[in-house]
Amino acid sequence: MAYLLVFLPLVASFIVGIFGRFLGDKISQLITCSFVLISSALSIYIFSDVAINSNTYNLKIFNWITSGGLVLNWSINIDTLTSVMLVVVTSVSALVHVYSVGYMSHDPDKPRFMSYLSLFTFMMLMLVTSDNFLQLFFGWEGVGLASYLLIGFWYKKPSANSAAIKAFVVNRVGDFGLAIGIFLIFKYTGSINFVDVFKAIPTLLDKNISMLGIEASLISFICIFLFIGAMGKSAQIFLHTWLPDAMEGPTPVSALIHAATMVTAGVFLVVRCSPIFEYSPFVLNIIVLVGATTAFFAGTIGLVQNDIKRVIAYSTCSQLGYMFFAAGLGAYHIAIFHLFTHAFFKALLFLGAGSVIHAFNDEQNMRHMGGVWKKIPYTYSLMIIGTLALTGFPFLSGFFSKDAIIETAYSSTSFFAGYAVTIGVLTAFMTSLYSWRLIFMTFHGTFNNKNISLSKVHESPAVMLVPLLFLALGAIFAGYAFKDYFIGSQFIQFWNNSIFFLKEFVLHHPPLWFLLLTPILVLLAIPLSYYFFVKDKKSLDSFIEINKPLYNFLVNKWYFDELYDFLFVKPAKKIGSFFWKIGDGTIIDGFGPDGLTKLIKSVSNKAVQFQSGFLYHYAFVILIGLSILLTYMMIF
Amino acid sequence: MNLPILTIITFLPLIGVFFILFNKGEEERVGKISFHVSLLTSLLVFVLSLFLWFSFDKTISSFQFVEEKKWIIDFVKYKVGVDGISILFVVLTAFITPICIVATYNSVKFRKKDFFIALLVMETMMIGVFCSLDLFLFYLFFEAGLIPMFLIIGIWGGIRRVYAAFKFFLYTLLGSVFMLIAIIFIYMQTGTTDVEALLALDIPVQYQYLLWLGFFASFAVKTPMWPVHTWLPDAHVEAPTSGSVILAAILLKMAGYGFIRFSLGLFPVASDFFSPLVFSLSIIAIVYTSLVALVQKDMKKLIAYSSVAHMGFVTIGIFAFNSQGIEGSIFQMISHGIVSAALFLCVGVVYDRMHTRQISDYGGVSNVMPNYAIVFMIFILASLGLPGTSGFVGEILVLIGIFKTNYLVAFFAATGVVLSACYSLSLYRRVCFGEITNDKVKALKDINYSEFIILIPLLILVILLGVYPNIILDTISTSVESLVSVYNAKIATFNNLMIK
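Residue numbers (my numbering), protein chains in the order written: chain A, 5 to 640; chain B, 11 to 510.
Hints are computed from structural coordinates only; laboratory data are not their basis. Bear in mind the structure is a predicted one, so any value in this text is a computation, not a measurement. Note that beta-carbon positions come from the ideal geometry of N, C-alpha and C, so glycine has one too. Be careful, since some hints might not be right.
Distance condition first, Cα-Cα at most 25 Å in a straight line; then the derived PhoX-like pairs of lysine-lysine [stated by the list, open to error]:
1. K574(A) x K307(B)
2. K42(B) x K161(A)
3. K450(B) x K160(A)
Which residues of chain B face chain A? A few of them, derived with a C-beta cut under 8 Å, are [to be verified]:
4. V187
5. L301
6. N332
7. L409
8. I481
9. T485
Pairwise CB distance ranges (calculated) [to be verified]:
10. M215(A) x K80(B): 54 to 60 Å
11. V378(B) x I22(A): 15 to 21 Å
12. I22(A) x K450(B): 25 to 31 Å
13. A220(A) x I157(B): 55 to 61 Å
14. I22(A) x K79(B): 50 to 56 Å
15. N62(A) x T17(B): 29 to 35 Å
16. I157(B) x L619(A): 40 to 46 Å
17. Y459(B) x N455(A): 43 to 49 Å
18. L474(B) x N62(A): 45 to 51 Å
19. L60(B) x N67(A): 19 to 25 Å
Please construct the entire structure, taking both the sequences and the accompanying hints into account.
Okay, structure coming up:
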């Protein structure tokens, strides 16, 4: 059954990818959707088996690489952590598959699209079911590939192509870190299977190594490199630049890959490796710092973006920051809980945004929207549910997970806990602000679109709305229904050793005023943004005018793209040309083969001149030679 | 069974040549017959090489199928044999040659007969290199292989073919001269050129350094290592498609094989001593040529430069001196043999239609050639080392191996992984994606039957080796393990001596 669960999407992708052109659109969609739906049904069954009945699966498919002491298998390994990921991945994926049937109905390349989606699902399943680091790496790069293919799906658009390459390359930078982490692990533990590595780690606590001139404990080095990998995939600050650009891809892709599943792989990695991270308080602190900073930084940018998808993308980035700092504080289970609830409401928001974009005939700029909430009531209300869940409106799913994170930060004794809690609360407020800004700009106010008349704006078909409905149910109930298992009283039995806690995890309950603080701020943000973005836009404009430099800084996304372009992209090309023209051309060839041939030519040209053909020239040379010889013999 | 199977495999192509030679008459008919004869011969060689592989005993590390004959007085013996390290190169050569022959049929327009002769002679020489167990014999095959390649570039090449051919010839010959001197010196010192005997023997340490450098000069040029790599882009650009394929897939591998067999086997102490040199040159090769590849405007040049970078991984892995490193190197060579062959064939497919290699002349190819786009994409991914393709296994093993020996080298080498993604994907993007801007591209036809036939086996292999690399690792592991343990033992004795 586990085999079916993992390999059905691959089979679907394969069939549709190769024979899609002959099968036609309908059958292709039918195959991929049904296979992934079966897969998701199986994963729910396995979830109940693993999480509730505490079974685990460990299946060896076949041996992958054997080289010296390195032995590893293709495997399917399912514990509670994996089963949670399985449910998230397959259910969101199945809903996105179905949604895509409607969303892509005008696209000529449907089979290709469906094939990529299924391929992505398979890669993600390989990632989460791995029992060793290398298969994880396989899935890791595999989802990167699928993401590359899907971002660049509309391959005629230059911007989509650049975004796709950027996503792949930036991810590779992260993968570089992950790879180094894996090498370190293999060098010192002699294995890269999770079980053996986790067993060996406690014996290596005192080991110090020196790398790149820095001496530190081995565990910290391993953790920091693994975390760099996680940062790349989960778009944390410094390696985040690809995520907003990834919005060039079709919207269902953004929902599946760049919100619910792939970008959370980094969080999954950290949690999966909790038996290593727990021994490095230093790196855990760094994770808190990076996560909190990302949460804040992405939130600020989200406030000023005008592209509906980019706002949600930055929101994703910010929420991932929450997950990371939760993990950094040792609350791995809460991080996964937020991952779980986030998958529902963020996919809902993205697909809802897709529905809006569809309604406006592929318009993404929120300035060209507005005033349509009566025209598309279902989309509107579903988006409201998503927004409420995201902002942590009391008793919706985001409320339970996000507030648990903020409370953890409040009660934690970690070095950056104060920083994290401040940012957690502040960002929750910002989240609410930009989310409602999105709602108000999109649905309220006046209708601002010039390309399409208001009467043409249409509600999406049922095939798109039904998946949204399911996600909305998740966004409303997932938090309440699962909180006791994931983070409540039963969390120890539930996780069943798939997460490692060095010390017993205790959550001190903060005082009442703190518990109320976040919800109140979140609620306050609603009228506030209504005032600014609908009621009185003038005061907003004058506010922007006063703070122009700050506004520009935010609109330009803290100038990260420009900085990287200046630091890496341009120099790389310049150095490349230099090496090619000067290095290879002038120096190596100049002194090497070309220089040699020239030298030989010029020497022989000169030598030719000696043979003048005049007898007296030769006689003269002979005389000189003879006299030198005689002198030499006389002296010595 | 005492069938001299290695001799048969090695010289069977020459029998094919013999038949082709006696073919006279109308140009087109001769071309066709030569094609059939050479294809048949090379396929037969391939089948025999598979048979050789299946009857090969993977559990023993010594040479198998050994044949020994007196040849030139007492001085040079004809001795051949294979072990786990060399056998797969024989199979690779026998696999790539028929593919080249099929590829030639469409792309070479004149003197087809001569071209097929050159290819078959080439095959004999290349297989000979991997089988010979006598230094002089090795040298003979190693050098004689230059001649058909020189002709292939010089006669059927592009506009600057003569320049490229001479550059290729000069470079490789210059390197080989030093190797010849080293071989003569070894013979004078030890009285034998038998590789098996020499491997068991300890060559005095004081000679090892110079001898190592002699061999290194030749292998470094052939690999090619920085800074003696500049012949490769020119040779590739000017060579016809099948010439490039042979060059990238097999000729470059002779050097890697030489490093493992001779540098490590005969001069362990010197190899250890010079390994920092190899590392630095390889790292420079990886970073430098990757950056150069990034700015190339010519498709073949780009792939040629990427070959240099990939071979950098090979040399790094070999000098990691552990089983992951060396197995990774061998794997990387086989994988690069398949992937680079496939990439050059892919370039050949569009070159035959458009007669230009300039990347800017393309764009939007996937609109008109969807099948081609899929195939090309998979090879590009293999070239950038995506897990699940053969390119990944070699790279990751090399990196794991070298990380154990010297983490800093692994660090720099791993940046090549990021850069390879940059240049490969940007090549693909500029060729296949975007709107069609050139009207000629609009008229392109998708890959035809014969192109399909040659690309599919490569495609299957790339995936198969990526998912189940043990096909190769099983065969090589025993020999590599024994090589590594002998090497370590020799180094240990030397170090003990130094302490005393």
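Q) Does L409(B) pass the interface hint, meaning its C-beta sits closer than 8 Å to a C-beta of chain A? A) holds, 6 Å
Q. Honestly, do A220(A) and I157(B) meet the 55 to 61 Å range at C-beta?
A. At 57 Å between Cβs, range holds.
Q. Taking 8 Å as the limit, does the beta-carbon of T485(B) come near enough to a beta-carbon in chain A?
A. T485(B) check fails; min Cβ-Cβ to chain A is 12 Å, beyond 8 Å.
Q.
Quick check: does the Cβ-Cβ distance between Y459(B) and N455(A) fall within 43 to 49 Å?
A. 47 Å Cβ-Cβ, so the 43 to 49 Å window holds.
Q | Beta-carbon spacing of I22(A) to K450(B) - inside the hinted bounds 25 to 31 Å or not | A | holds, 29 Å
Q) Straight-line Cα separation of K574(A) and K307(B) no greater than 25 Å? A) Within the cut-off at roughly 17 Å; holds.
Q: Compare the distance between the alpha carbons of K450(B) and K160(A) with 25 Å, and conclude whether the hinted pair is satisfied.
A: holds, 17 Å
Q: Using Cβ atoms only, decide whether N332(B) comes closer than 8 Å to chain A, and label the hint accordingly.
A: holds, 7 Å
Q: Look at the Cβ atoms of V378(B) and I22(A) and judge whether their distance stays inside 15 to 21 Å.
A: holds, 19 Å
Q.
Range first: 29 to 35 Å. Now tell me if the beta carbons of N62(A) and T17(B) are that far apart.
A. Because 51 Å falls outside the window, the suggested range is violated.
Q) Given a hinted range of 54 to 60 Å, is it respected by the beta-carbon distance of M215(A) and K80(B)? A) Distance hint for M215(A), K80(B) holds at roughly 56 Å.
(Q) Is 40 to 46 Å respected by the C-beta to C-beta distance linking I157(B) and L619(A)? (A) Given range 40 to 46 Å: holds, Cβ gap about 44 Å.
Violated hints, in rising order: 2, 4, 8, 9, 15, 18; the structure is consistent with all others.
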